[in-house]
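Peer 1: One-letter residues, chain by chain:
Number of protein chains: 2
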Amino acid sequence: MKKLLIAAALVAAPALSQEEPQGQPSPNEIVAQAAPSEWVAIPAQDLLVMTLAPDRDGKPRRAVIQLIPPPFSQPWVANIRTLAKAHWWDGLGIVRVQDNYVVQWGDPEAEDEAQARALPEGLVATSDDDYTQVAEILLRETPVPSSKRRKSGTTTASAREKDLDLVATGVVVRADPYAQFSKFRAGWPTGNALDEISVHTWPVHCYGMVGVGRGYSPDAGSGAELYTVIGHAPRHLDRNIALVGRVIEGIEHLSSLPRGTGPLGFYETAEERVPIESIRLASELPSAEQPVFEYLSTERETFARYAESRANRRDPFFIVPAGGADICNIPVPLRRVAQAD
Amino acid sequence: MKKLLIAAALVAAPALSQEEPQGQPSPNEIVAQAAPSEWVAIPAQDLLVMTLAPDRDGKPRRAVIQLIPPPFSQPWVANIRTLAKAHWWDGLGIVRVQDNYVVQWGDPEAEDEAQARALPEGLVATSDDDYTQVAEILLRETPVPSSKRRKSGTTTASAREKDLDLVATGVVVRADPYAQFSKFRAGWPTGNALDEISVHTWPVHCYGMVGVGRGYSPDAGSGAELYTVIGHAPRHLDRNIALVGRVIEGIEHLSSLPRGTGPLGFYETAEERVPIESIRLASELPSAEQPVFEYLSTERETFARYAESRANRRDPFFIVPAGGADICNIPVPLRRVAQAD
Numbered sequence: 000m001k002k003l004l005i006a007a008a009l010v011a012a013p014a015l016s017q018e019e020p021q022g023q024p025s026p027n028e029i030v031a032q033a034a035p036s037e038w039v040a041i042p043a044q045d046l047l048v049m050t051l052a053p054d055r056d057g058k059p060r061r062a063v064i065q066l067i068p069p070p071f072s073q074p075w076v077a078n079i080r081t082l083a084k085a086h087w088w089d090g091l092g093i094v095r096v097q098d099n100y101v102v103q104w105g106d107p108e109a110e111d112e113a114q115a116r117a118l119p120e121g122l123v124a125t126s127d128d129d130y131t132q133v134a135e136i137l138l139r140e141t142p143v144p145s146s147k148r149r150k151s152g153t154t155t156a157s158a159r160e161k162d163l164d165l166v167a168t169g170v171v172v173r174a175d176p177y178a179q180f181s182k183f184r185a186g187w188p189t190g191n192a193l194d195e196i197s198v199h200t201w202p203v204h205c206y207g208m209v210g211v212g213r214g215y216s217p218d219a220g221s222g223a224e225l226y227t228v229i230g231h232a233p234r235h236l237d238r239n240i241a242l243v244g245r246v247i248e249g250i251e252h253l254s255s256l257p258r259g260t261g262p263l264g265f266y267e268t269a270e271e272r273v274p275i276e277s278i279r280l281a282s283e284l285p286s287a288e289q290p291v292f293e294y295l296s297t298e299r300e301t302f303a304r305y306a307e308s309r310a311n312r313r314d315p316f317f318i319v320p321a322g323g324a325d326i327c328n329i330p331v332p333l334r335r336v337a338q339a340d
Numbered sequence: 000m001k002k003l004l005i006a007a008a009l010v011a012a013p014a015l016s017q018e019e020p021q022g023q024p025s026p027n028e029i030v031a032q033a034a035p036s037e038w039v040a041i042p043a044q045d046l047l048v049m050t051l052a053p054d055r056d057g058k059p060r061r062a063v064i065q066l067i068p069p070p071f072s073q074p075w076v077a078n079i080r081t082l083a084k085a086h087w088w089d090g091l092g093i094v095r096v097q098d099n100y101v102v103q104w105g106d107p108e109a110e111d112e113a114q115a116r117a118l119p120e121g122l123v124a125t126s127d128d129d130y131t132q133v134a135e136i137l138l139r140e141t142p143v144p145s146s147k148r149r150k151s152g153t154t155t156a157s158a159r160e161k162d163l164d165l166v167a168t169g170v171v172v173r174a175d176p177y178a179q180f181s182k183f184r185a186g187w188p189t190g191n192a193l194d195e196i197s198v199h200t201w202p203v204h205c206y207g208m209v210g211v212g213r214g215y216s217p218d219a220g221s222g223a224e225l226y227t228v229i230g231h232a233p234r235h236l237d238r239n240i241a242l243v244g245r246v247i248e249g250i251e252h253l254s255s256l257p258r259g260t261g262p263l264g265f266y267e268t269a270e271e272r273v274p275i276e277s278i279r280l281a282s283e284l285p286s287a288e289q290p291v292f293e294y295l296s297t298e299r300e301t302f303a304r305y306a307e308s309r310a311n312r313r314d315p316f317f318i319v320p321a322g323g324a325d326i327c328n329i330p331v332p333l334r335r336v337a338q339a340d
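If you're matching them up, the sequences are chains A and B in order. Position 239, counted from 1, in the first sequence is what numbering that gives the first Met the number 0 calls 238; the numbers after and before it change by one each time, with no gaps. Position 97, counted from 1, in the second sequence is what numbering that gives the first Met the number 0 calls 96; the numbers after and before it change by one each time, with no gaps.
Don't read these hints as lab results, they were simulated from the structure. Check each hint, because a few of them may be wrong.
In silico DMTMM-like links for lysine to aspartate or glutamate, alpha-carbon gap of 20 Å or less [to be verified]:
{"hint": "1", "chain 1": "A", "residue 1": "K58", "chain 2": "A", "residue 2": "E276"}
{"hint": "2", "chain 1": "B", "residue 1": "K58", "chain 2": "A", "residue 2": "E267"}
{"hint": "3", "chain 1": "A", "residue 1": "K58", "chain 2": "B", "residue 2": "E271"}
{"hint": "4", "chain 1": "A", "residue 1": "K58", "chain 2": "B", "residue 2": "D54"}
{"hint": "5", "chain 1": "A", "residue 1": "K58", "chain 2": "A", "residue 2": "E248"}
{"hint": "6", "chain 1": "B", "residue 1": "K84", "chain 2": "B", "residue 2": "E271"}
{"hint": "7", "chain 1": "A", "residue 1": "K58", "chain 2": "B", "residue 2": "D56"}
{"hint": "8", "chain 1": "B", "residue 1": "K58", "chain 2": "A", "residue 2": "D56"}
Here are a few chain A residues that sit away from chain B, every Cβ distance over 10 Å (derived from the structure) [to be verified]:
{"hint": "9", "residue": "H231"}
{"hint": "10", "residue": "L284"}
{"hint": "11", "residue": "T301"}
Glycine included, C-beta positions come from ideal geometry on N, C-alpha and C.
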């Protein structure tokens, strides 16, 4: 009897039997063939290493977060580096786990002025004007010609294949309910809006993206309270909360935590919270302990082939290629290239 | 200091302080105001109660699955009822947990003909022709007039608001990379394709949807091996794997399980597998133990208002309404109306 399975999202299907049919390469097989020059190193100052207390069996739990680079970083990423250098999160904890939504960490006593941990010197104040600023980034880029844009509602299967265009400047996804179009830029998924002379662009809330918790506007958050997405992309948060990075390793230590039973998935007792042993900038670790990661350039040929294959699966398991993909279903390939521990 | 939080996906934001601003109602507040007549009872023969072994602290773990009704059910749902009536899953287990993808359960020995549990009599054989059949369901419905369809790539913010149309026959989402349009039908999210005379429709892989594991085509799976989605909607599986239902309660007992470390997230040892104590059709339970659930009609006014508010958040937390939503980010409201245990 053949092993029953469903197709792999992120790893190549293993050879299960002699019966496995031959077919086109899977998305991961395409990535595996990328030239070394297509992989881009992530600077150590853009990596955060988050060490949680070991689990009940004593197994270590560590996650690595990549901070978002300019022009998307805005004041929050600088604040996060300041907080990490001050070892501000050490001894705090995971405070909230809401199913199909987010895991959130920070100071459990943040509400209580007498008990709250003091923030370090040098944090930059933020406001919701900063979101506007993010949405107003103007790129010196030729706008997509109107002849290339989505034309008509009388869409046929072959027209839908064009929803994902491999334009000279990168991979563009046309059908996006949350933006005029979405596009990968320097390794990050973005939403985009065109006017006649410029492109407005912003990072989007895909699985694993990290953002800044905040109160009601105009409070835009300091960066001390962070969350990561552990469910279906909550794209309605785009441009409403600052995105500052993404978990690139170890998200399973966050996504598999017990869900909180309080409102919004907050843990109700101190015992439920998972202690954070430390959060460190990789650049502050001894060089032998610094993790080294690369992402696959989103502006090179292999990524375009990978994205196209995510949108039109032709590897043996599939019967009907979709003819399209949403930007959060085309995760940017990342890899660890040096093992520090 | 105000409690730092990020907006709730599925529950209303609690009153945190005197400072909370007044605003438009949230999606959940809209649902709370639905008339009793807008809630539709789910028949007991469409509910499966899945009882896992208690967790390490002795807490019970139970999930409820709603089976998909005709015309989407096809042969698989009948097979699942046959398997449940035979108590076929009792004593088997969760065999696979892949992060941001699926939890899968069934017979861990399915690969080994000598060890595999025999399937009950009466299962209907399926093949990938059945998928074609699903895609070929023709509905007696007036096709969306071409004047109402997406018109042009020169999309403006106001045009994008129309991506989510509240047409007479229900809520339609225009911008869907995986279908010409998506639409709610009798409580289920569907993908759709039009030709000149008919509408082809199929259920789609949102968070919590349950599908049938299979091998390579033409094997379409018997229904004995099932999975549920625990991450971003893997819509590339639509029309490639049979969908048979959705988890409507207790998915946190599945989504928070430790991830498997084998290929595709399979557990590598028997000890890791969570035992299934039983899976029962609710209609076979004593009536006092039968759970009773309702879903909010997707063809009535409150659901249309709810969907519109999911696409354009105006409750106090939000600054920029998105102007659209993808179909998997508009979860159909469900509620338990009688507590059986």
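Peer 1: Each hint needs a verdict: does it hold in this structure or not?
Peer 2: Here's how the hints hold up against the structure:
no.	hint	result
1	K58/A x E276/A	holds, 14 Å
2	K58/B x E267/A	holds, 17 Å
3	K58/A x E271/B	holds, 15 Å
4	K58/A x D54/B	holds, 18 Å
5	K58/A x E248/A	holds, 16 Å
6	K84/B x E271/B	violated, 27 Å
7	K58/A x D56/B	holds, 19 Å
8	K58/B x D56/A	holds, 19 Å
9	H231	violated, 5 Å
10	L284	holds, 25 Å
11	T301	holds, 19 Å
Hint compliance for this structure: hints 6 and 9 are not met, and every other hint is.
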